[in-house]
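Asker: Spelled out from the first residue to the last, the chains are:
There are 4 protein chains.
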Amino acid sequence: MAPFKHEITVGWADCDPAAIAFTGRVPYWALEAIDAFWREMVGMDWYALNLDHNIGTPFVHLSLDFTAPVTPRHKLICAVEEAKLGNTSISFRVRGQQDGVECWQGRFTCVFVVSDAMKPRRAPEHIRARLAALEARQ
Amino acid sequence: MAPFKHEITVGWADCDPAAIAFTGRVPYWALEAIDAFWREMVGMDWYALNLDHNIGTPFVHLSLDFTAPVTPRHKLICAVEEAKLGNTSISFRVRGQQDGVECWQGRFTCVFVVSDAMKPRRAPEHIRARLAALEARQ
Amino acid sequence: MAPFKHEITVGWADCDPAAIAFTGRVPYWALEAIDAFWREMVGMDWYALNLDHNIGTPFVHLSLDFTAPVTPRHKLICAVEEAKLGNTSISFRVRGQQDGVECWQGRFTCVFVVSDAMKPRRAPEHIRARLAALEARQ
Amino acid sequence: MAPFKHEITVGWADCDPAAIAFTGRVPYWALEAIDAFWREMVGMDWYALNLDHNIGTPFVHLSLDFTAPVTPRHKLICAVEEAKLGNTSISFRVRGQQDGVECWQGRFTCVFVVSDAMKPRRAPEHIRARLAALEARQ
Chain A
1 MAPFKHEITV
11 GWADCDPAAI
21 AFTGRVPYWA
31 LEAIDAFWRE
41 MVGMDWYALN
51 LDHNIGTPFV
61 HLSLDFTAPV
71 TPRHKLICAV
81 EEAKLGNTSI
91 SFRVRGQQDG
101 VECWQGRFTC
111 VFVVSDAMKP
121 RRAPEHIRAR
131 LAALEARQ
Chain B
1 MAPFKHEITV
11 GWADCDPAAI
21 AFTGRVPYWA
31 LEAIDAFWRE
41 MVGMDWYALN
51 LDHNIGTPFV
61 HLSLDFTAPV
71 TPRHKLICAV
81 EEAKLGNTSI
91 SFRVRGQQDG
101 VECWQGRFTC
111 VFVVSDAMKP
121 RRAPEHIRAR
131 LAALEARQ
Chain C
1 MAPFKHEITV
11 GWADCDPAAI
21 AFTGRVPYWA
31 LEAIDAFWRE
41 MVGMDWYALN
51 LDHNIGTPFV
61 HLSLDFTAPV
71 TPRHKLICAV
81 EEAKLGNTSI
91 SFRVRGQQDG
101 VECWQGRFTC
111 VFVVSDAMKP
121 RRAPEHIRAR
131 LAALEARQ
Chain D
1 MAPFKHEITV
11 GWADCDPAAI
21 AFTGRVPYWA
31 LEAIDAFWRE
41 MVGMDWYALN
51 LDHNIGTPFV
61 HLSLDFTAPV
71 TPRHKLICAV
81 EEAKLGNTSI
91 SFRVRGQQDG
101 VECWQGRFTC
111 VFVVSDAMKP
121 RRAPEHIRAR
131 LAALEARQ
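Residue numbers (the working numbering), protein chains in the order written: chain A, 1 to 138; chain B, 1 to 138; chain C, 1 to 138; chain D, 1 to 138.
In isolation and in its complexed conformation, chain A is listed as follows:
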């Protein structure tokens, strides 16, 4: 299966005086792509997860390697894959490419919590089932 893809239009507002996207924008885009994965692939985004289901997914780790600058010349295609579904955590691998060139890739790990208590919890079974099915199809 092809990984889930989320397209970003890079603009003037994202660029610094070096005329490339500012480093700090990349984690934002990767997180936005993961939120889109939740919405499109799991059926609820972080907002719905938190407000409707009282489930939060705070991040405990993120790392990024940058190999080419990002600019407004091309769309930024973010590919999101599940890297590992654990009992109380999930990791994602996110890769950003423009015009066929990989610009960055990263790994992001979050834990499931009861949102209003910030207490760790196992993800509900219907969400685990969906995430496990998606992971198996990759």
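Think of the hints as simulated: they come from the structure by calculation, not from any bench. Any given hint could turn out to be false.
Unchecked claim - Quick list of in silico lysine-lysine cross-link-like pairs, DSSO-like style, CA-CA up to 30 Å:
(1) Lys-75(B) x Lys-119(A)
(2) Lys-75(D) x Lys-5(B)
(3) Lys-119(D) x Lys-75(C)
(4) Lys-5(C) x Lys-75(A)
(5) Lys-75(B) x Lys-5(D)
Given chain A, work out where chains B, C and D should sit, using these hints.
Answerer: Coordinates of chains B, C and D only, in the frame set by chain A:
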């Protein structure tokens, strides 16, 4: 020597519906703290480095581990240390704490380039000397 | 003619602890919609205007009235119209709506400058002609 | 009385390829300055107002006029003044200057609401009294 410290006032604008700072804000703050290190400790910030000296420092890597949420209840103190000064690169360790509790720590690596050509270069000697002296004093 | 529309996916990252989009995000979105208008309707975005044509369009005024909160529950549709093409300036009216409800509207005025000198200039004739044609069709 | 002043360090991250602060950053800074006014002058910031007192202050209007670009060369000093305390609303005038030059000024109006219901309300008397005293001293 105590590491360089940069203080951040966390505000409403930084927080998400979980009432804690959004994950994506943390890389921004860490980068802001490194820019402050350049300005206060080396004597020129990224803006001056690029515009006055034609030196850029694009990032090739960043990683962050999060151990406690960041909120507007306390100042966020970012401690910046040089982790390794290489020939054409430099790494920083940045730690964020609030009210004595470490909230996150990360590692950031950038390379020196000729800014308008984006070509790798060795840092100029007067800048290397300053960075080496700071590293030795840590 | 229907006005140009630019669609925005509002997310968790855009919301504050009141669980609605933070006020400061709205000017960003309105500006992003104007940049999209340039790209889609005029044929070059701010990045191309500046880097390829040495034309800048710094803003001299913006105003916004907010009538309903913005949330991630629906797409945010931004409608952009030219309000007035002057000799050295152009004004846009931008309206944001979600699920048929107008959330905000604003007016934005920028001036044409020689980008690298920040000196006022009349827009080049081929760009004026395009903007005038678009204004006439509204 | 001198107006309340809030100092901002403008950085690389705030600037666009024209090497000046991106337009969208200015509303953020003005809002940050108003949040600082609440914290320093009234004794509680938006976060405390909302979470501890269940009072929200959503904005219904903002307007800004820009007269000079903002850059990292100087601190940005934001002066905040109360423009009008109404029964259920309050307006602020915010001016930004660098190195003695006024860069922008704006007006911001928000309404008081019961935070968790988003219903309009009159501000509590102890807050009104504080705001009225501050207004009288201007």
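Asker: Now tell me, hint by hint, if it's right for this structure.
Answerer: Hint check:
1. Lys-75(B) x Lys-119(A): Holds - the C-alpha atoms of Lys-119(A) and Lys-75(B) are around 24 Å apart, at most 30 Å.
2. Lys-75(D) x Lys-5(B): holds, 19 Å
3. Lys-119(D) x Lys-75(C): holds, 24 Å
4. Lys-5(C) x Lys-75(A): holds, 19 Å
5. Lys-75(B) x Lys-5(D): holds, 19 Å
Checked against the numbered hints given earlier, the structure satisfies every one of them.
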